[in-house]
Amino acid sequence: MVLETFHRSQTDKLLGGVCGGVAEYINAPTWLVRLIWVVLTFIPYLTVPSILIYILMWIFVPLGPKALDPNVIDAEFEVKE
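Each residue of the sequence shown is one higher than the one before, starting from 1 at the first, in full-length UniProt numbering.
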C-alpha cells in the first residue's frame, strides 16, 4: 500500500490547484470535485466556510510535483572513453 501525501496540483488547476489535489488524493474526477465544491459554496450557511477553507488550503497545502513533459528530455549524459 502506497501512502500518497496530500498536495495541491500543479498540472490540474484552474485557480490554486486545491480541487485538483483533492481529486488526485481521493482518486476521483476533477470535474466532480469542482462541482461539489461549487454546490457547497452556493448553500447559504456553507458559503463563507467553503471559501475560507479553499483559501486556507491554497495557502497552507504545499504544491505537488510538476509533471514531466514527455517532449522534454531531462537527463545528464556522460561520455565514457
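I should point out that these hints are in silico values taken from the structure, not numbers from a laboratory.
It is possible that part of the hints are untrue.
Stated by the list, open to error - Calculated lysine to aspartate or glutamate pairs in the EDC-like style (CA-CA distance at most 16 Å, straight line): (1) K66 with E24; (2) K80 with D12; (3) K13 with E24.
Stated by the list, open to error - Here are the computed distance ranges between Cβ atoms for each label pair: (4) P29 with L63: 37 to 47 Å; (5) E78 with A28: 12 to 22 Å; (6) L56 with W31: 50 to 60 Å; (7) N27 with K80: 54 to 64 Å; (8) I26 with F60: 31 to 41 Å.
Model, not experiment: these values are computed from the prediction.
Virtual Cβ for every residue (Gly too), placed ideally from N, Cα, C.
Flag every earlier hint the structure violates by its number, smallest first.
Hints 2, 4, 5, 6, 7, 8 are the ones this structure does not satisfy, whereas the remaining hints hold.
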